[in-house]
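One line per chain: the protein sequences are A and B, in this order.
Counting in our numbering, the first sequence runs from 1 upward without gaps.
Counting in our numbering, the second sequence runs from 1 upward without gaps.
One should not assume that every hint holds.
Claimed, not checked - Restricting the straight-line Cα-Cα distance to at most 27 Å, the calculated cross-link-like pairs of lysine-lysine (DSSO-like) are:
1) B:Lys128 with B:Lys48
2) B:Lys48 with B:Lys86
3) A:Lys52 with B:Lys126
4) B:Lys128 with A:Lys52
5) A:Lys52 with A:Lys92
Claimed, not checked - Derived DEER-like restraints, expressed as beta-carbon distance ranges:
6) B:Gln123 with A:Arg30: 23 to 31 Å
7) B:Phe67 with A:Asp21: 21 to 29 Å
8) B:Gly79 with A:Ser57: 38 to 46 Å
9) B:Ala141 with A:Glu95: 23 to 31 Å
10) B:Phe67 with A:Glu75: 37 to 45 Å
11) B:Glu88 with A:Lys92: 42 to 50 Å
12) A:Pro101 with B:Ser34: 20 to 28 Å
13) B:Arg6 with A:Pro114: 18 to 26 Å
14) A:Pro103 with B:Asp142: 35 to 43 Å
15) B:Ala40 with A:Pro50: 39 to 47 Å
16) B:Lys128 with A:Asp115: 35 to 43 Å
17) A:Arg118 with B:Arg69: 30 to 38 Å
18) B:Ser90 with A:Pro101: 30 to 38 Å
Since the hints were derived computationally from the structure, they do not count as laboratory data.
Source: prediction; values computed, not measured.
Heads up, the beta-carbon is just placed ideally off N, CA and C, and yes, glycines get one too.
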Amino acid sequence: MLQGPEPAKAGETVLSPQFTDSIRSIVLSRDDRLLAVAGWGGIIQVWDLPSKRLVVSMNQHTDFIHKSAFLSTDEQLLSVTVNRTVNLLELKSLEVLRSFPIPEGISRGAVVSPDDKRLVTLGPGP
Amino acid sequence: MGQSSRPIAAAYSPDGHILAAGDSAGNITLWDPSTGSERAISIGHRRKILSVAFSPDGEMLASASDFERFVKLWSVSSGREQKTLKFESSWISVVQFSPLGQTLATGHLDGTVILWNCGTGEQDAKIKAAQGSIHALAFTADGLTLASGGEDGKVKLWNLPVVAPARHSSAGTH
Numbered sequence: 001m002l003q004g005p006e007p008a009k010a011g012e013t014v015l016s017p018q019f020t021d022s023i024r025s026i027v028l029s030r031d032d033r034l035l036a037v038a039g040w041g042g043i044i045q046v047w048d049l050p051s052k053r054l055v056v057s058m059n060q061h062t063d064f065i066h067k068s069a070f071l072s073t074d075e076q077l078l079s080v081t082v083n084r085t086v087n088l089l090e091l092k093s094l095e096v097l098r099s100f101p102i103p104e105g106i107s108r109g110a111v112v113s114p115d116d117k118r119l120v121t122l123g124p125g126p
Numbered sequence: 001m002g003q004s005s006r007p008i009a010a011a012y013s014p015d016g017h018i019l020a021a022g023d024s025a026g027n028i029t030l031w032d033p034s035t036g037s038e039r040a041i042s043i044g045h046r047r048k049i050l051s052v053a054f055s056p057d058g059e060m061l062a063s064a065s066d067f068e069r070f071v072k073l074w075s076v077s078s079g080r081e082q083k084t085l086k087f088e089s090s091w092i093s094v095v096q097f098s099p100l101g102q103t104l105a106t107g108h109l110d111g112t113v114i115l116w117n118c119g120t121g122e123q124d125a126k127i128k129a130a131q132g133s134i135h136a137l138a139f140t141a142d143g144l145t146l147a148s149g150g151e152d153g154k155v156k157l158w159n160l161p162v163v164a165p166a167r168h169s170s171a172g173t174h
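Next comes chain A alone, as it looks inside the complex (with noise of 0.2 Å):
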C-alpha cells in the first residue's frame, strides 16, 4: 500500500481549532505565518503556524462561512457566508473594514482575483 507523509508533529491532530461544526475553508499567509480556518460554526480562527498557536478567534458572523481569503497584503482577511454576508477584516486591528451583502441569490462559494480587486461570487442568480 502506498505510505503517506507523517503527521508535521507527533500526534494527529497539530491544531485544535474547537470547531464544533465542519471546517469549510483553510487558508494560509503567502509568508505561511498565518493559518485561517473558518467553518460552518460562523467561527474563524488565525493560527500562527510556525508556534501552533492561536493568535485570535473571532465570531464575526451568525451564519456558516464558505470561503476565507487572505489579501494580497496579508493585513486583511475576507470572508463569504452562505446567507450572502461578505465581511473584510483587518487582522491588526480585528477591526471590520466592509460588510456588505452580495445581492442575489444563495452564495455558494466565492474567489477572490489575485489582484484582490474582483470578489467572484457563485450562485443561482436572479
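Given chain A, work out where chain B should sit, using these hints.
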C-alpha cells in the same frame, strides 16, 4: 454556460487573466475577466463540478465532479485533456495543486486525502486525514506542508516529501 446550469466552483488563474467556472451540468467555462469573453471546454464530466484548480504556472486546470471517481487535468491553452486520475476512494470534494505544481491533492468524502504525481498521474500517497468529509486543503508556500480540514472540525498538518517541480507536457497519458 447553459440556461439551466448554475456555477458551483470557480478559480482564478495565478495571473488573474482567466476565471474558470464549473457548473451544475458538468461544464467548465473559461472567462476573460477583462473582456467578458468566454470559452467553453468539453471536459467529460457528466455531474456537477465541485472543485476546480489551476496549476501554479496557469497551464493546467484540474476538475472534479460529483459522483465520479476521477479527476481531469486539462491544458488551459488547448482545452484538451491531459490526464485522467482514477481512484477507488469515495467522491471528491476539493482539489488543490501544490505551489510547485508537482502534486495535486484531492480531498474525499470519506476523509481521505490523495496526493497525485502530476507528471506520472500516479498516486504518491493516500492519507486518512479526517473522520468524515474533507472540505478544505491548503499547501504552504514552500510546498512542504499540507493542511487539511473537514467534517470533524480538526485541522491537520502533514509533512510532505520534497520532490522536483512538475513539467507539464502537452502529451499526457489517459
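Contradicted hints - numbers only:
none
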